[in-house]
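Construct all of the structure, not just a fragment, from the sequences and the given hints.
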Amino acid sequence: MARHTFHDTQHTTDKTPDDGIVARAIDLTKVYGSKDNEVTALNHVNVEFRRGEMTAIMGPSGSGKSTLMHCMAGLDTPSSGRVIVEGLEVSSMNQKQLTDLRREQIGFIFQSFNLVPTLSAEENILLPLQIAKRPIDRDWFNQVVKVVGLEKRLSHRPSQLSGGQQQRVACARAIMARPSVIFADEPTGNLDSRSSREVLSFLRDSVRDYGQSIVMVTHDPRAASFADRVLVLADGNITRDMQHPTYDEILEVFAGNDDDADNIDSVTATEVAQA
Amino acid sequence: MIRIGLRDARSHFGRFIMSIVAIALGVSFVVGSFCFREMLDNQVSQMMSTNADHDVYVRGSQEKKNSSAMSMGSTKSYNTIDTDLADDIAKIDGVSSAHVIYGLSGVVLLDKHGDAVTTVGSPTLAMGMGKSEPWRSAKFTAGTWPKNGDEIALHSFAAEQSKLKVGDKTKIVYPDGARDVTVSGIFTTDASQAGAIIIAIDPATAKEETNQQSDDPDKASLISVYGNNTTPLTAEQQQQLSDRINRKLPKSAKAHAITGDAYRDESTKSTQDALGFVQPLILIFAVIALFVGSFIIANTFSMIVRESMRGYALLRSIGASPLQVFTTVIVQAVLLGLVGSAAGIALGWGMVKLIASGLSNMGMPLTGATDPSVSDMLIGLLVGLVVTLIGAALPARNAALAPPIQAMNETVNPEKPVHMRGIIGTTMVALGFLSWAFTYVLASADGNGPTPWKMINDIAVGWPLGIGAALAVIGVIVAGPAYVSTAGTILGWLPSKIFTVTGRLAQRNISRSKRRTSNTAAALFVGVAIVSCLGVVATSAKASVNSLIDTGLKADFAISSASGGRIPDQAIKDIENVDGVKHVVSNRVVLGVKYDGKSVSGFTFATQPELFTKIFAAETTEGDAVSALKDGKLLVGKTIADDRGWHVGQKVKVTAENTVVDEQATAKAQADYQAKVKAHAQELQTQAQQMAASGDMAGAQAKAKEIEQYTDKAKNVDPKTLVKTKKVNTKKTLTIGAIVSNSVYRDFAIINDDLAEQIGNKQTMFVMQAYVTDRRGSDTTQVKKAIKKAVKKYYTISVFDRDEYKSTMSSMINQMLMVLYALLALSIIIAIFGIVNTLALSVSERTKEIGLLRAIGTSRGQVRGMLGIEAAIISVFGTVMGLVVGVSAGVVIRAVYAAKGLETLAIPWQQLLVFLLLSIVVGLVSSISPASRALKQPVLDAVASE
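Quick note, the sequences are listed as chains B and P, same order. Sequential numbering of the first sequence, starting at 1, is according to the working numbering. Sequential numbering of the second sequence, starting at 1001, is according to the working numbering.
To be clear, the hints were calculated from the coordinates, so they are not data collected in a lab. It cannot be assumed that every hint is accurate.
[Claimed, not checked] Computed list of lysine-lysine pairs in DSS-like fashion (alpha-carbon distance at most 30 Å, straight line):
1. B:K96 / P:K1848
2. P:K1936 / B:K35
3. P:K1792 / P:K1147
[As the list claims (entries may be wrong)] DEER-style ranges, computed between Cβ atoms:
4. P:L1401 / B:G149: 40 to 46 Å
5. P:L1916 / B:L154: 34 to 40 Å
6. B:D139 / P:R1515: 40 to 46 Å
7. B:G52 / P:L1394: 42 to 48 Å
8. P:L1917 / B:S34: 47 to 53 Å
9. P:R1515 / B:K146: 40 to 46 Å
10. P:L1916 / B:G52: 54 to 60 Å
11. B:E249 / P:S1011: 49 to 55 Å
12. P:R1515 / B:G149: 34 to 40 Å
13. B:K146 / P:L1916: 46 to 52 Å
14. B:S34 / P:G1014: 19 to 25 Å
[Said to hold, decoys possible] If you want the ones that stay clear, here's a sample from chain P, every Cβ over 12 Å from chain B, calculated:
15. D1218
16. A1460
17. L1505
18. T1858
All of these numbers come straight from a predicted model, not from anything done at the bench. Here a beta-carbon is modelled for each residue, glycine too, at the ideal position from N, C-alpha and C.
In structure tokens, the structure reads:
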């Protein structure tokens, strides 16, 4: 019951009447570097993310897709413009408010290193609730665990789980607190195609079955095809906004610039060069 | 490659600060300990060359076995020689003076205001010196040598302390009473006297006072010879002179001459050896500091290496050899080691300077050199460098050998298992405790020892005790990592109940790198173990004294003398006459008593039966002390009885050799003198009469005046010069009446006053300690005041009531405890460095994890809390291990030395609890800076996948 109470309050305290928007960016700009070598990662971006939808952000590396997500999630501060999540202005929050925001409104799934290595799968899933000292809804927990198929793995440490299993634990953890929006940063980046499919299906199901809002950054057209909406960024601007695109439609957008697709080797090469 | 290393070092300088401080601390202790030792040595040899500045010394030719268990160092003792020998030696060619130098150590000098001049632990010495027996090193700045017993000369430090000037009148208090004297001169010496008050007194007075306390006034241990009264002889001349003296010395004298240089070397060495214990104590802490230092360096370099891995991978990929990469890291270590060692040398130097100036402020000026020698500095530098290189070697190797691919991902290699260390360490600890148990059995066994093997029974208890301690300490350090998980579970239980999430995370983090956690805790472990062990011993010593006084001592006051332990008989009478005093029991030392031909380890004293009825409750293993005393039987301490195998009823032959005034001879000498005076006067009288008869009235008158003067002079002649002494041997057979086991009397033989007078001689006996009971119902403070007033005129007599008596005993122990706390503070500082560093490393390893925690809603406070709990668990882990080992060691030491005054075991629980609470604080404080560093890291950097 506690869950419902929480969920209800969340909606009633919303400042804006439910216009179906869970998060929005208004005139968002992010500039890196000093005057001499400025890099504009986001160039006056305006975007709204709708409640109960899975939105994929795509784009070549350096297009600003990750920066957009980080600014939306309060992990990075924009140079100008505003970020609003559930009617709260993220871009002007202090550390304490950010902590509260993370506890109540936002869930995260990262590409790798999603789990605390000293804690078991179950403990990892329950960690956000315990950190926030919120009551644990056992029914919901059992349901989530069953959906991600981890019933038999709950007492395992992350090191005893496969990559796909680890990522499913991360999904379960993100959804356990029923945040307003889950930000997923390349959640399938390190997974094989079968595990990727499992994780993405789970994310899609949670949107369909429980009305969860998800924003996912990916460079994989296959992953993006699971989304309800696909935004494409290039050079800090949104160049395409597609509703329910098919895999082929997405591929088409990127046709001819395959070399932009990220791969581990090229990242490594650049970074070694930087170091 | 070296250039890259230097550039890296510059950019990492901030990281290095903690390592530099740790190395500097360790090196400073090493250098400081050597430097301090050298300062003491230097002071000792300076003082030796000033204070023992004779050209040749003549001493006994037969080395004696050292019978006294109390003597420390390597002092050899020789047979005593006849004092008369000095006169014979003085006649030898090339000898300008030869004397027995009489020194009195228990004197008190009164200052300008009539108060006793006090020192900090250094003695007040009155030395027999004069124009005919000068001290070559003394240079008079004003006045000259004392001419007779009414004059004294003061060393400049003594003059300074007493504010006396030449011509001032004051009092000097000898063991037998105060004497009015005039200051005849003030002299300086090249070496400072380390706070001692040196007074030059007339040699005849010095001899007389010394003889009163001596077993055998006709014997001395040393005759000091000058070849020249103003300039020292060269080594060659000394050798020639001593050879000449040796040729002339009769074989029967059992004497042998050695050069002054040889004598000085010998005594310098033995004094230095006696002071040598200070250095190892300091070095223990140097080792702790360096251990932590090396460990901090290893951690720091692990961090640096991890952070620079990509750079190293790049270097490797463009063709750098592993050795070249290794060099870039090692160059930084060398630089760090050099800076740290240099700082440490300066710090150590400063510490010794500070100690020296502190001592001089306290009234103990030292002239010993405080500057470190080149070899000290080299040792410091070498130690610092080696420790740094050891610390950096492993991380540097990792940097050099890690394949480029591994450098890219952040996986921490799993630790090697720690079971083996657990087994080895635990075995060592168990053996250590076994060794202690054996020590205990060995020490508490009566007579024959615990085992059937004599060889084992004869082992000195120090060996198993020390081996046990070493095994326990090293064992704990070895086994530490194996117990980290258990410790984390136990110690983390409470925090994980209070702070469910952070507590549990901290609890698990503790066992992630067990070796590191355990090594960090080890610094605190060793420090706490030493301090808590000594704490237990000190507290037990205090408690033993207190319980002795509380339960054993029934007297209201204890009376003792500050100087030489002698209380004048008149003082005892004065105390007896004080209003409110009911009873005075005086313990009178009887010198020169032997039992079956051997002396006892303590000494013999005479007392009244009231000692065991009114003052101490007698504890006896055999017989009844009170009736034995009354019946004129011998009482012996338990130690002596055990030693000799004596039992009640046994008869013991008691002999005493006393030098007494030969009444007959003295009377004869006086009569002879009188007769001589009379004859001379008669002769003068006759001359006068003849002159008068021949009409020389003026001559007759002059003669009459001469007669008057002569008889006056004869009257004024010091009768002491006419006293003749003789040796009297008394023999008596006594029956043992009781064996006393009161801890204070275990080493003594006790007889009653009547027996004492039959055995000993009244002149050489003196009261050393007296106890007073007051009349029931009288006001103790009033009585104390009255007693104090009554003995004020003796200057040196102290009156203690029960509480004061206790506190005089415990204040010494408290001082020792203060030193301990200083050491504890030191080990805490070092331990804080260790914990800060370990946490910093662990935070840097867990950047991503902490970022993740922050991203899913962990507040800053929760991160701080988690690290705080981790740090607290580490420090409590170390402290608890230290407390367990230290207290156990203390308990064993207490048990072993129970017979030597540590009767009561007292564990300072309160103090130990404070240590424990302190360790929590230490942990929390240590976590502040690493936590801040962790929180400074933006969450984004930690979690971003690109």
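Numbered hints the structure breaks, given as an ascending list = 7, 17 and 18
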